[in-house]
Amino acid sequence: MNRYPLWKYVTVVLALLFGLVYTLPNFFGESPAVQVSSAKATLKIDDKTRERVALALQTGGITDSGIFLDSNGVKVRLPTTDAQLQAKDLLERQFNPDPADPQYVVALNLLSSSPRWLTSLHALPMYLGLDLRGGVHFLLQVDMRGALTKRLDAISGDLRSLLRDKAVRHAGITREGEHIVIRFRDGETRNKARVVLEDNQSDLLLADQGEGDDLKLIATLKPEAIKRIQEFAIKQNTTTLHNRINELGVAEPVIAQQGADRIVVQLPGVQDTAKAKDILGRTATLEIRMVDDTPGALEAAQAGQTPFGSELYVERGALPLLVKKQVVLTGDRLTDAQPGFDNQTHEPAVHLTLDSAGARIFKDVTRDNVGKRMAIVLVEKGKGEVITAPVIRAEIGGGRVQISGRMSTMEANDTALLLRAGSLAAPMEIIEERTIGPSLGAENIRKGFLSTMWGFAAIAVFMIAYYVLFGLVSVIALASNLLFLVALLSLLQATLTLPGIAAIALALGMAIDANVLINERIREELRNGSTPQAAIHTGYERAFGTILDSNITTLIAGIALLIFGSGPVRGFAVVHCLGILTSLFSAVVVSRALINLIYGRRRKVKSLAIGQVWKPAGAGSATAR
Amino acid sequence: MEFFRIRRDIPFMRHALTFNVISLLTFLLAVFFLFSRGLHLSVEFTGGTLIELNYPQAANLEKVRDALGTAGYTDLSVQNFGSSQDVLIRLPLKAEQNTAKIGEAVMQALAVEAPGATLRRVEFVGPQVGKELAENGALALLLVVIGIVVYLAFRFEWRFSVSAIIANLHDVVIILGFFAFFQWEFSLSVLAAVLAVLGYSVNESVVVFDRVRETFKKARGLTTPQVLDHAITSTISRTIITHASTQMMVLSMLLFGGETLYYFALALTIGICFGIYSSVLVASPLVMWLGVSREQFVKPKRQIEGANADGAVV
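Order-wise, the sequence lines are chains A and B. Every position in the first sequence, counted from 1, becomes a number in this note's numbering once 8 is added. Every position in the second sequence, counted from 1, becomes a number in this note's numbering once 1257 is added.
Just so you know, these hints were derived from the structure itself, not from any lab. Some hints here could point you the wrong way.
Using 27 Å as the maximum straight-line C-alpha spacing, the simulated DSS-like pairs for lysine-lysine come out as follows [said to hold, decoys possible]: (1) A:Lys243 x A:Lys230; (2) B:Lys1388 x A:Lys235; (3) A:Lys243 x B:Lys1388; (4) A:Lys174 x A:Lys371; (5) A:Lys380 x A:Lys235; (6) A:Lys200 x A:Lys243.
With the rest of the complex left out, here is chain A (with noise of 0.2 Å):
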């Protein structure tokens, strides 16, 4: 009775040599490497990538230990950090040459030594947490409402230059709070221009307000349209994250969305943190608005009599500058932005290019007015500052924009990328933030290790001493846990940490629950007179019920963990998880599978070395009373 289908066997063999598999590119530990990878969508890396960064190396006397390409980029293997530091240094200057115009990212990076048969099944090391390996852990916050005034403020320009085109005379437009008034002198005119932003307007919900001469329209966006401008806002955000990131030269940046409105940012590695900091820190919007030059007016501002719909600004170079409030552009209008050089006075000049909505404002509006100047407005915080402000010349067609004069070269590789990088949709602000030392992280797996090792030295002891033979192969039942668990996690890549390395040790702590009730039982089922057989039988058979029980009732709080944790709760709700699912395969099939090949072939079993099994005289228990 004791006795497995060969299937069974096989299956336990298999499953024990995938853990062993999954589980050994973690013991080869990592060499130094560096990474080449694009910092534009537009450049593919592919295998002439590949050949240019093996000939730069060969060139610099630089001897590698193997060059591979994947999704990631290219990279590079290297004998000792020396050389990777050389090797990243010389393929910075073969690959960037402009400094201020990165086309590749070039980073240092640790790759995983483990030969290439391991790599090529997927078995990869257990990709590690931020407090395991050091790096900076960000959380930003998306400023939703932010999105939406500016949209908002956007929606009113619209409306005002769709009104005059139409020719609906209204006495205002204007923004208050989330709602866009328009107020009106009859009601005549109203239901006209219900009609015309009814048209033209379908993100729009417009009511009613107001009596006798002073009639209101309130717009306001409608659900469907606010959804998908804060969806549209986190992943520019998101965008813009990104392209500022490349700029730090950072191996494996994690840039996800978490949430309806906030962004996870994790750099790896990252030591220099006031750089990470600074640069995700600009949390800069670009504005394009217009020039208030009303004569005078400027005169007023700065006496403090700044004129309704106008703001005062000091532009770069200290020069008062009075700029309407209206935005005529925003940002997300703007597609790319240059450095480059004027084609006729060969000036530095900087080149935008807008999409399609924009350029057919920029046309409508510098026709309007030529010979007049606008403003580039970078907000930072709600700070406001123009970056220039040039002179419109003529009419701009077709989305390309040069701004040019007064400048630098210097000042246009700035404005290019300030432009650039800068046009967040929404203001983002940092709510969480870690950052881990290189050397904690070392101590943290290294303490991590020696509570699991202790812990499961402590507990082999025991078990052995207590239960002898069935003690040894609950104790290898145990390890086997442990090697599925880390094959696992290996396997599924989730992030290590060290409340997850507690979450082995104690799955391990908790799993050895399940053996020590199967062991209790057959010594129990031999207590009350059973064959050695039939104990084993009974034993795992009726244990297997409250085990069970038992495992879903853990594996309830743990769910429960994963759905509601976030951080270090998370990261050990998914390895209790894993640990309850592994012990209730090992602590059963595993240690059967070892006690029937153990016992089960046998004819005759006299007695089982299950440690002494003590009856009270009179053997009997209360149940035959």
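Given the coordinates of chain A, assemble chain B onto it according to the supplied hints.
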């Protein structure tokens, strides 16, 4: 080896009232401390900044405090973290603070009075995150409670699920009571430990209840207290050995895991000790008082409609 040589069932139920009174007193004490002292919540919940520094020699905490005080930081706490060389600085949340630069700002402030430190870790948590974490923690607890009650009610009987959850929530409150009394730091990992304990010590009750059910089905003529006594007695060796094994692992974490895992392991230790007590000596009497009986497990043979006298159906 055999530690447990029990000749007769131990009459646990005779002392049920005593155990429950002790439990109730500990519980009330824990609640009292929770309210009077409150939990010492970590930066993760309250929001604020945490900075860990490492000095090559033993750190002079007074100087660190002075340096930060002169730099204009208020309400801060400076303490050793694990060893005399490691220093942990906690700064409260301020409205007008450049959070992005705080790590460097602190290092600059320290450069004059207490130089030589290396920055090991900076954690900044904004106010909205902390509030959310507390809410999510409460939701997780609720989900665990509901999940376990439903599962046990489905697998066993409502009486079992209610007593198990009462007994184990009482463990959770007692752990929290300990944290409040000693003002140990209650962090996210402690919360994870608390929830893990909840799942784990329900195990205990499940193992005992499993036996109760089995005994009810197998043995006739035993009174309910006798059944419970028998179930507890026959599982007591497993209970203690299992917990001892788990505790070995936790102890190892307590000793080798460093400061970060210390409170996590501590919460587990308390949870494991009280888990044994409550699930055995509190949950079982509750089941008894809720009126569990043999009839709830031995289902009478169902009469199938249209069956003849022999019960056969075609």
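| Tell me, which hint numbers fail for this structure? | 5, 6
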